[in-house]
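Peer 1: With chain A's structure known, arrange chains B and C on it following the hints.
Chains as they are written, first to last, in UniProt numbering: chain A, 1 to 427; chain B, 1 to 541; chain C, 1 to 331.
Hints in this document: simulated from the structure, not taken from any laboratory. One or more of the hints may lead you astray.
DEER-style ranges, computed between Cβ atoms [as the list claims (entries may be wrong)]:
| # | chain 1 | residue 1 | chain 2 | residue 2 | range |
| --- | --- | --- | --- | --- | --- |
| 1 | B | Q91 | A | A213 | 54 to 62 Å |
| 2 | B | E342 | C | E330 | 50 to 58 Å |
| 3 | B | V537 | A | D212 | 55 to 63 Å |
| 4 | B | K15 | C | E291 | 34 to 42 Å |
| 5 | B | G468 | C | E291 | 37 to 45 Å |
| 6 | C | E325 | B | K15 | 39 to 47 Å |
| 7 | C | E330 | B | G373 | 52 to 60 Å |
Here are some chain A residues the structure puts well away from chain C; computed CB gaps all over 12 Å [claimed, not checked]:
| # | residue |
| --- | --- |
| 8 | G45 |
| 9 | D177 |
| 10 | A207 |
| 11 | L231 |
| 12 | D234 |
| 13 | E279 |
| 14 | M285 |
| 15 | R301 |
| 16 | S330 |
| 17 | R337 |
| 18 | G388 |
| 19 | L408 |
| 20 | E424 |
Positions of the beta carbon are idealized from the N, C-alpha and C atoms, including for glycine.
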Amino acid sequence: MLEQIEGSKAMARVIALCRPQVICAYPITPQTHIVEGLGDLVREGALQNCEFINVESEFAALSVAIGSSAAGARSYTATASQGLLFMAEAVYNAAGLGLPIVMTLGNRAIGAPINIWNDHSDAMALRESGWFQLFAETNQEAADLHVIAFRLAEELSVPVMVCVDGFVLTHAMERVDIPTQQQVDAYLPPYEPVQVLDPADPISIGAMVGPDAFTEVRYLQYYKQQTAFDLIEDLAAEFSESFGRASGGLLRDYHCGDAELAVVAMGSVNGTIKDVIDELRAEGMSIGLVTLVTFRPFPTRALQQVLAGAKHVLVIDRSLDPGMGGPLASNVDLALRNLLSPPAIHSAIAGLGGRPITKASLHRLFMQAMEKPWEGPNFVDLNEKVVGRELHRRARARRSGPAAENVLKILETERAAAFQARIETAE
Amino acid sequence: MKHPFAIALDVGSSKANHTGTWRTNRPEYVDRLPPCNAACPAGEDIQGWLYQAESGDYEAAWRALTANNPLPAIMGRVCYHPCEGACNRGQLDTAVGINSVERFLGDLAIARGWQFTRPDAETGKRVLVVGAGPAGLSAAYHLRHAGHSVVLRDAGPMAGGMMRFGIPKYRLPREVIDAEVARITAMGVALELNSKVDDIEKSLTADRFDAAFLAVGAHIARRAYIPAGGAARILDAVSLLRSMEGEAPPLLGRRVAIYGGGNTAIDVARTARRLGAEEAVIVYRRTREMMPAHDFELEEALEEGVSMKWLSTIRNIDGGKLQIEKMALDDKGFPQPTGEFETLEADSLVLALGQDVDLSLLDKAPGIETENGVVKVGPNMMTGRPGIFAGGDMAPSERTVTVAVGHGKKAARHIDAWLRGTQLEPAPRHELASFDRLNTWYYEDAPATVRPMLEAARRIDSFTEVQGGLDETNALYEARRCLSCGNCFECDNCYGICPDNAVIKLGPGQRFRIDYDYCKGCGLCAAECPCGAIDMVPEEM
Amino acid sequence: MDSTQKLKFYQKGTLTVGNRLVDEASRNVQASRQRSNSLTCGHRACQGCGEALGARYAIDAAMRAAGNQLIAVNATGCLEVFTTPYPETSWQMPWMHSLFGNAAAVASGVAAAMRVTGKHGTRVVAQGGDGGTTDIGFGCLSGMFERNDDVLYICYDNEGYMNTGVQRSSATPPAARTATTPAIGAQPGNVFGTGKFVPKIAVAHDIPYVATASVADLHDLEAKVTRAMSFHGARYIQINVPCPLGWGAASHDTIRLARLAIETGLFPIFEAEYGRVTHVRKIRKPKPVSEYLKLQRRYAHLFRDGVEDPRVARIQGIADRHIEEYGLLES
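Just chain A, with the same shape it has in the complex (with noise of 0.2 Å):
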């Protein structure tokens, strides 16, 4: 049934419905109000049978996930930023572990400087700790891709993280069409563990494994991952047939077939970028975009057939390697750099910590990249003169003081400078 809602609320609601036995809530901006939502739906009695266990930490969320999971009940929890380091040993036990556990990442950038808005720092922070991680376009995949998520972690025994863009889809109201329980319980069977605590037939989980066994436990993970393209397209094609749209996959390819330039990007963007592509190919201009719904495994073969033609791949990173650039440029990179042809690689940084990517500043960038491509990463919308004063400012005192504070103060003198101008032009 379609209806007006907020992201967090629709994903609450939708996750009830995929039967939770056991959900850990922390909180942290900005996935706050899915567990807040699923904590109502326990309360009012419509999501029975389920333990809402408000812990600690998030460390302790995971951790009591993980136990809750290997003791065979189905489990959930969520969080973003911080809360996802704070919890990154547990992240990677989960994993090693193989419990389907299902997390909701509300993506939001990571500090220092702290900042509670949307980029993809979290997730790109954490893409190697053996987690599936699925990215959400808009609102109804955000919902959808739990019902995925489950199923998914389960017929493999493997944990899925599900990336949905703080504020930007988790505060925002939508229209989204929240399936019936029916629905639901047709595509996602009950929980049915690989391994489980169990008296009557008691095991050892979590055992010390040496240099003997440990490249091969390695192996066995990376072989899960790599042969579970099918199954997840497979999924994707199920569930389009069981509630009538697409959502999930391991990519969707928007007029790549003929494209001289392709884009790549993940999550909520792609909205945007595919209203700049539309005008673009309006006005004649030769671009495609790939829409990554899933990162980990990473679709190496579907990129490769997908970007096959093109001559130009711009792949927009919403969070920054400092030492690197982009990561999932690199990991573009990698896929591709092999074909016969291989397209030349442009990497962008865009929307790190909350800032808006404008459909101006995309549609410059696209212009650049077919115009006068660049090498290294373009950080989209940079305030250079910002960044010039620091430099120079930092090249001349050693202690210059932390650099988010200058900016902040030279952006605040600007704006006072730019408010004084205002004011004597009306004069």
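Peer 2: Chains B and C in isolation, oriented as in the chain A frame:
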């Protein structure tokens, strides 16, 4: 594999890892000789029968006890219990009341009518035992048990020897002697009373005995020359105590002096008080510390109003007056006359200066040697005349009932071997279970049960038994105070305390076994064994 | 005949593991041939390991109390490493290890799963060393307490990070030498801090049951585990488990040291229910702390050249304070 590789494992799979290879020292179960057993002149396995008693199986305990000593009700009263002096528990709180438990078992056996089993088969050998005192009764019991035909001859009218004619009733009621003797004769021992053996050789030949055990005791009172004038009444302790068994009690008068410092002197003094003497004074040449009598007997005597004159010698006696010379100890601790005199009023004087053996029955036996008034015997208790063995007071000994019982047992075993034409090889003795090997923390604090005493006032006007017995509750309590020194009592400490589950519990009575596949040799089992029954032995590399 | 003696029937077996004189049902779990041996042989703990012993004692007792319907969660540490090196495990029960600092939380999760899947009879224990409990796992522990999750948490306290090579933890006693508090300089060994006695912190949570116990007193330990299992909700037991390696003691002295820790007053044995101390185990045979310290090389610097360091008196002061605070001596 039903679960994920390496991350999950099948339970208990570590048993494949034999950690026993780490070991440099191995624990081994041992049995050590408990000090009580080591100290028992009768060779009782005290720890063994206490083990049975503490589980409440008194008949099993009594049978274990009587395997070595057929007279527990008697011994439980008159034994000076060197076992208790040796008891390791004495270093912890107070010694286990072994003697009282022994008496409890002895009395219970009498009350319940438990009997000894008759021998399984007769050997056809005939053995003469001369003297139905403790040594003779013990020997007769063991010889009969071994299947020999035993004739037990005694000069007296009743069996018991010195137990009957030397130990006062208030210490050893006569029904107890009668009951324990009857149990021995019930095995088929032929008891012949009023049958003095004057010539052992003649007796052996006449009745075709294959061997003899002589234990005639020491019944001749030793005298001392004391110049006496007037109508002095001087008696000897042996006669006095013997006459207590007769119809008319001896007349001692109001004031009685006893000369001597042994247990017999005390017996006489206490008997005198019971016969109505207002004063009973023991005159002894030395000090209390040097007195051969047991301290507890002296204490009881003092409680009953007996008084003592230490460092005193009787120089002469004239009518009712004793002239006493005070003595002083010289550098070597010997008493020397001081020339100081005093007078002690006494209606009678009883000499308790020791006893000698009537060895006349040996006069015609060839090869028998005597020394200091007793018969010389070899390590096998045999005299110089093959086939004739001797023990008890007539052989060199401490002259206690317990030693005599031990002699009887020892002689019986050697006689049995001799009759079979073999030699008895002594069983190897275990090393002593010393106190330092115990881990005493595991024993609950439990002081000895105080044996109930009849009130002192009641003692002096009757010959009622002075010392009461234990009832079942406190006998059990007392038995359970035993530390089981050096012998596993299945406390499960080793089984429980092993961090490697390397001790196998074999079940009740079966004790334990070390699983050397897994034992790492940490030594916790040995350190925490309460009774010191585990040794750590270096592994050979 | 009057017997004024107070009768104690089982003198010989009162304090030993077993006692053949009492009926099977009232004997210690560890005396039974049917004990579950939850932690079985072939494990790789050092010789004389107190933790291996304490863990089997505690878990076997919990197994009996739970009718074998028990799941254990283990923090990283010696106990985890020596019991479950691939491909062998010494556990004979459902057991799980996740991380160093999250055992309490994982156990909360297991307990939640039992509730939600209707397995109400299946009980949950979490266990870890002092590092995993009083330091890195403390947040999760406190959270589990505060939520009153149905978990019995057992801390095997060997007073340091032994698995990593004997470093100091917040449970390491003053003056003890560890790899991070070496016996060097003017103040050798661990500092005389304020201490962090987690059982008291547990009591402050008002949880149903808190107790301390020792491998030196099996009767007490099993009684406490059994008592703990009779409650639902959060429960905590801290068991003193000497570490021969870390303490520099002979492997056969493990229990002796644990006993001395009790008898000196350094490790008070008590239990509390719903925030109130309900019982204190009295010292049977009081001992001076020096007797305890001298058996351990981690305190060797306190007795150098036969001279007793004045800090021994400070340690005695700590013991005396415990004795006074908990009333450890028979009045």
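Peer 1: Can we trust that E279 of chain A is non-interface, i.e. its beta-carbon lies farther than 12 Å from all of chain C?
Peer 2: holds (50 Å)
Peer 1: Minimum Cβ separation between E424 of chain A and chain C greater than 12 Å?
Peer 2: holds (57 Å)
Peer 1: Verify this label for me: D177 of chain A is non-interface relative to chain C, using a Cβ-Cβ cutoff of 12 Å.
Peer 2: Its Cβ never comes within 12 Å of chain C, the nearest being 29 Å, so this holds.
Peer 1: Cβ-Cβ distance between V537 of chain B and D212 of chain A: within 55 to 63 Å?
Peer 2: violated (36 Å)
Peer 1: Would A207 of chain A pass as off the interface with chain C, using Cβ distances and a cut of 12 Å?
Peer 2: violated (4 Å)
Peer 1: Since G45 of chain A was said not to touch the interface, does its Cβ keep a gap of more than 12 Å from each Cβ of chain C?
Peer 2: Holds, since 15 Å exceeds 12 Å.
Peer 1: Decide, holds or violated, for the assertion that all CB atoms of chain C are farther than 12 Å from the CB of R337 of chain A.
Peer 2: holds (37 Å)
Peer 1: Far enough from chain C: is every CB of that chain over 12 Å from the CB of L231 of chain A?
Peer 2: Its Cβ never comes within 12 Å of chain C, the nearest being 26 Å, so this holds.
Peer 1: For the hint 52 to 60 Å, verify it against the beta carbon of E330 of chain C and that of G373 of chain B.
Peer 2: holds (59 Å)
Peer 1: Does the claim that D234 of chain A lies outside the interface with chain C hold up, using a Cβ gap greater than 12 Å?
Peer 2: holds (29 Å)
Peer 1: Take the C-beta atom of E325 of chain C and the C-beta atom of K15 of chain B, compute their distance, and say whether it sits inside 39 to 47 Å.
Peer 2: holds (45 Å)
Peer 1: Please check whether the beta-carbon of L408 of chain A is more than 12 Å away from every beta-carbon in chain C.
Peer 2: holds (33 Å)
The structure fails to meet hints 3 and 10 from the earlier list, while all remaining hints are met.
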